[in-house]
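Given the coordinates of chain A, assemble chain B onto it according to the supplied hints.
Protein chains: 2
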Amino acid sequence: METAVGIIAEFNPFHNGHQYLLDQARKQSGATTVVAIMSGNWMQRGEPAIFDKWKRAQAAVAAGVDLVIELPFSGAVQPAHLFAKSAVKIASEMGIESLAFGAEHPDMDYDLLIHNQPEKDDSFKKFNEPYASTFQNYLKEKTGINLREPNDILAFSYANANFDLGNPLKLLPIQRIDADHNEPELSKGSLISSASAIRNSIFGNSTEFSKFVPESSLHMIYSGFKYDWEQFWPMLRYELVKTPIEELQRIYQMTEGIEHRLKDAARKSRSFTDFLETVKTKRYTYTRIQRLCVYVLVHAFTDNMLVDPSYLRPLAFNEQGQRYLNQIKHDTEWPIITKVTDEVVDEFVGLDYRSSMMQELVSGEAQDIHRHPFMEI
Amino acid sequence: METAVGIIAEFNPFHNGHQYLLDQARKQSGATTVVAIMSGNWMQRGEPAIFDKWKRAQAAVAAGVDLVIELPFSGAVQPAHLFAKSAVKIASEMGIESLAFGAEHPDMDYDLLIHNQPEKDDSFKKFNEPYASTFQNYLKEKTGINLREPNDILAFSYANANFDLGNPLKLLPIQRIDADHNEPELSKGSLISSASAIRNSIFGNSTEFSKFVPESSLHMIYSGFKYDWEQFWPMLRYELVKTPIEELQRIYQMTEGIEHRLKDAARKSRSFTDFLETVKTKRYTYTRIQRLCVYVLVHAFTDNMLVDPSYLRPLAFNEQGQRYLNQIKHDTEWPIITKVTDEVVDEFVGLDYRSSMMQELVSGEAQDIHRHPFMEI
Chain A
11 METAVGIIAE FNPFHNGHQY LLDQARKQSG ATTVVAIMSG NWMQRGEPAI FDKWKRAQAA
71 VAAGVDLVIE LPFSGAVQPA HLFAKSAVKI ASEMGIESLA FGAEHPDMDY DLLIHNQPEK
131 DDSFKKFNEP YASTFQNYLK EKTGINLREP NDILAFSYAN ANFDLGNPLK LLPIQRIDAD
191 HNEPELSKGS LISSASAIRN SIFGNSTEFS KFVPESSLHM IYSGFKYDWE QFWPMLRYEL
251 VKTPIEELQR IYQMTEGIEH RLKDAARKSR SFTDFLETVK TKRYTYTRIQ RLCVYVLVHA
311 FTDNMLVDPS YLRPLAFNEQ GQRYLNQIKH DTEWPIITKV TDEVVDEFVG LDYRSSMMQE
371 LVSGEAQDIH RHPFMEI
Chain B
11 METAVGIIAE FNPFHNGHQY LLDQARKQSG ATTVVAIMSG NWMQRGEPAI FDKWKRAQAA
71 VAAGVDLVIE LPFSGAVQPA HLFAKSAVKI ASEMGIESLA FGAEHPDMDY DLLIHNQPEK
131 DDSFKKFNEP YASTFQNYLK EKTGINLREP NDILAFSYAN ANFDLGNPLK LLPIQRIDAD
191 HNEPELSKGS LISSASAIRN SIFGNSTEFS KFVPESSLHM IYSGFKYDWE QFWPMLRYEL
251 VKTPIEELQR IYQMTEGIEH RLKDAARKSR SFTDFLETVK TKRYTYTRIQ RLCVYVLVHA
311 FTDNMLVDPS YLRPLAFNEQ GQRYLNQIKH DTEWPIITKV TDEVVDEFVG LDYRSSMMQE
371 LVSGEAQDIH RHPFMEI
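In order, the protein sequences belong to chains A and B.
Residue numbering for the first sequence follows my numbering, starting at 11 and increasing by one per position.
Residue numbering for the second sequence follows my numbering, starting at 11 and increasing by one per position.
Just chain A, same shape as in the assembly (with noise of 0.2 Å):
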């Protein structure tokens, strides 16, 4: 009888803070198998991986993952507490007993928080903030407790997602060392660095990441195709200034009239980070505005987001990976694609297809149609 320990991941690329948690997951869960589920192409601040979902699943199976299994499109790109949700879903559905997850706060009282959420109204909105810290401020007095930093909101939303399915999974909070998260310079004095400090020492052609990542990834660093949003911009561009204004609006998360300055912004703008900046307020954050040019990109309509996972799709594993895939198989009604048709793109995963040909199209490397799971023997 296998158990597992899962893990929710980007690995954007897998550097040696994963490996870590990878390795204290195993430790303190004593499971068998452990499971990642990570998010495809798309990541949730709304930026393609660096790497695409292949590579990246295959690196961190040679780091030691047994199992790793696409977060759809749908959970991916998606505030911290819908992408949590998806996750966790899975993993429930999955089987896996324990949870496994970096926070600043690993003690956190998460029950607290979550009996003292607000009610979901939309009169708790203030329009000149984002959400996020009117929410942070709100639990602050209500508990005392400061939620502010990075994964101790990802790991409140665990917590919360599984709180809601009944608690299904075992959480096992595990202290963030060295790195802040989305610190841009790579750390002295520490093998532990950032993910965005690691893209950018990347990006810069720099081999200073080199000691941040373990062995096992510095193929895929060093070969891979590397994706950036530039690479898209030309296409988002001209998906925003063609497509009427009625059409738009009917794009996810596409409120508050912000697809006029999108439209208006695409046509002045030369570069990504141009029509980011100009796109940008106060009330918008670089993320959300992100999040809704990949929606524009793909045509993710409310529809298609709004959904519960319904699939299991692994995109690589060992022999240990397998055979808790096996041991699973009977028990979920979900199916286990590993294998991708036009049937399968039309009753399961037609966004994922989408939003990978994407990748596709600037790359030329094939996503879906004609990959397998990547098997390590």
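Hints listed in this document are in silico derivations from the structure and should not be mistaken for laboratory results.
Where chains are identical, the list cannot tell them apart; a pair therefore holds if satisfied intra-copy or between any two copies.
Computed cross-link-like contacts, DSS-like style, restricted to lysine-lysine with a CA-CA straight-line distance of at most 30 Å:
id, residue 1, residue 2
1, Lys198, Lys37
2, Lys252, Lys236
3, Lys221, Lys37
4, Lys349, Lys252
The structure presented is a predicted model; accordingly, all values stated were derived computationally and were not measured.
Showing chain B alone in chain A's frame:
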């Protein structure tokens, strides 16, 4: 009382052959004014003009044309008979007395051809060869006339369109000299070459073209932004790949399942040239495929394309051209558009605006809003 002779042209770019036609038109007609009805930013063969409509119109006026009127996209990017129909309709509406055009065989009996056309029914079409050659074979059999050369075909189309309108225009066919239409090489021992040979020379970064164009075109050629299909390829490709088949089927002239070929080839091709090679079949000429691609790029539906012209849009004029415009403005109910506002876009020039926006995206040079006709003083 001013009188006018019309020329229907693309001026892509204005060259010595156009200069000859212009001089002959003025001389043979005895008119006080030469009006050119010129395609905008997209050509009849489904290609972007090498220079934008403003630069081409200005060069034409600098070479002696008195007034340049834009032939709307709905007429400009069409097979010969519809191209001719739109342009002749505009000439007629403008009170132009005669129409000058080049022809390989200016003595051709257009009336005989007009009265011996096949009935326009579908049974006539053969599916293993392009429609044009079937049509030509039929005419040859009925009249003995070989209607094969490109300027003869256009000339016949003008005559036919004029006939359908009750012959408002006097026809002035003018013998083409020296250049073969679409001959890819510049002429030896002549000062006239085809526009396509001149474009090839310009793109080849040679200065050989310079003796084949009037002095007045040189500024545009040396300093103007140059367009070619490859610049639009990322946008076309994205559009073809991400648009569902049912929506592609709504595009003008998307028939016989060609949408599947286009979509499939778009995904596989890395350049527009590759793409054309992949899509090409005996039944689909390059011209037809290229036109379809423009329709896809600018979202041209049947409703937008099968319309009669209904406005006059001057792009450039000199004092004589302005005098002519003033004379005719009370005789037409069509608006004379010299300023494009949102209302003008909605009511009249929507498709022209959408299609020129593509050039604006590529070069950053405004095409409609904020642009005014060029006036030579």
